[in-house]
Amino acid sequence: MPIQEHDETPRPRRRRKAKRGRLLLAVALFLGVSAALAYFGLSSAVDLFAFGKPDQQIELTVEEGMSLNQISGLLGEKEVIEHPLAFSFYARLRGSANSFQAGDYILNSNMSYDRIITALRMGDTVKEEVTVTFYEGMTLREIANLLEENKVCDAEAFVTCLQSAEFDYEFLNMLPENELRFYRLEGYLFPDTYDFYVGENVQSVAKKFLRNFSARVMGDVYNEIQDAGMTLDETIILASIIQKEAGNPDEMGLVSSVFHNRINDLAAGLPMLQSDVTIHYIEEDIKPYQTMSTQEIYDAYNTYVCRGLPAGPICCPGLDAIRAAISPEESSYYFFVTDSNGKYYYSSTLNEHYANVRLAAAAGGVTHGTDVQ
1093 MPIQEHDETP
1103 RPRRRRKAKR
1113 GRLLLAVALF
1123 LGVSAALAYF
1133 GLSSAVDLFA
1143 FGKPDQQIEL
1153 TVEEGMSLNQ
1163 ISGLLGEKEV
1173 IEHPLAFSFY
1183 ARLRGSANSF
1193 QAGDYILNSN
1203 MSYDRIITAL
1213 RMGDTVKEEV
1223 TVTFYEGMTL
1233 REIANLLEEN
1243 KVCDAEAFVT
1253 CLQSAEFDYE
1263 FLNMLPENEL
1273 RFYRLEGYLF
1283 PDTYDFYVGE
1293 NVQSVAKKFL
1303 RNFSARVMGD
1313 VYNEIQDAGM
1323 TLDETIILAS
1333 IIQKEAGNPD
1343 EMGLVSSVFH
1353 NRINDLAAGL
1363 PMLQSDVTIH
1373 YIEEDIKPYQ
1383 TMSTQEIYDA
1393 YNTYVCRGLP
1403 AGPICCPGLD
1413 AIRAAISPEE
1423 SSYYFFVTDS
1433 NGKYYYSSTL
1443 NEHYANVRLA
1453 AAAGGVTHGT
1463 DVQ
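Just so you know, the numbering used here puts 1321 at position 229 of the sequence shown, and the rest follows in order with no gaps.
Hint data in this document are derived by calculation from the structure and do not stem from the laboratory. None of these values were measured; they are calculated from a predicted model. A few of these clues could be false.
Derived DSSO-like pairs (lysine-lysine); straight-line CA-CA distance at most 27 Å [unchecked claim]: (1) Lys-1243 - Lys-1145; (2) Lys-1435 - Lys-1299; (3) Lys-1435 - Lys-1379; (4) Lys-1219 - Lys-1170; (5) Lys-1300 - Lys-1219; (6) Lys-1219 - Lys-1299; (7) Lys-1170 - Lys-1243.
Using the sequences and the accompanying hints, generate a full structural model.
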């Protein structure tokens, strides 16, 4: 029986190679797409949370009627974000696709998507800025009124904020609880030049003053306060009186010595400071804003009545007055008086003081001093 021969010719190798090539190409494409997607995902995540992005302010304008994609493109063009498509997707996910407001904005390249979306939704547009200078010796009320005059914020809202809001500054924990203290933070609004927005939030305004006080006082100056054996509040109260009594820094050391001598040397029989500027504070900064007369509060600030320091500062002192309160000059003086020309007359006895008062009056009139009421 004849044996049938089978065709054992092998398939062409070309087909196997082509199939293997297509497989390798598919794998390469898959890996490439996966790598690209992974990179895009990682890069988008960095963009979403603004990890490691530079701190750079960027101005841009969102025109009326711009779509989400147009706004996303604008953000990408201005380099606020890197991935406009990812931002558009995230904004839609947040339900913010149609809630952005037109206007001029100042954004920052280190803002996360959430912060950008919030700014655009709230219409947090560019606001007019104003620079205001507050001088040493201004009272809290004077500061509040100047803020209102410059359209930064409402004066009463600012005072209310200072009286009731909680602020996270360590030095505020050092202030004593005293129900006779009329203004909680009088003395702690550091006098300086500040930049504000017109219509700025009152708490933001208050924080600028308190942050500056912390930066300027709660370092080397506070170490000096501790070395002098004084508390922070004692120092600021005394400094506020010195600031009001001696606008000239050259006189602050001797004025401070008068008050230190009165406080420390009870044998002299003068435990009261008898500073007339505390009377002015009661009349100008307490009584006009008191809903009902409270003699107890008046007496707590009247240094002709209270023994030692009053219940609180009577203005916001500068560094010169603070340092004078810490380090008075050496003297034996218990009295001083000033004339209308700014000349100071110091004395150790009451008879000498009365003679100086007459000299000051003859020189044009008495302005400040101890025991001149």
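Structure-based check of each hint:
1. Lys-1243 - Lys-1145: violated (35 Å)
2. Lys-1435 - Lys-1299: Since the Cα atoms of Lys-1435 and Lys-1299 sit roughly 38 Å apart, the hinted pair is violated (cutoff 27 Å).
3. Lys-1435 - Lys-1379: violated (31 Å)
4. Lys-1219 - Lys-1170: holds (20 Å)
5. Lys-1300 - Lys-1219: Holds, because 17 Å separates the two Cα atoms, which is no more than 27 Å.
6. Lys-1219 - Lys-1299: holds (19 Å)
7. Lys-1170 - Lys-1243: violated (32 Å)
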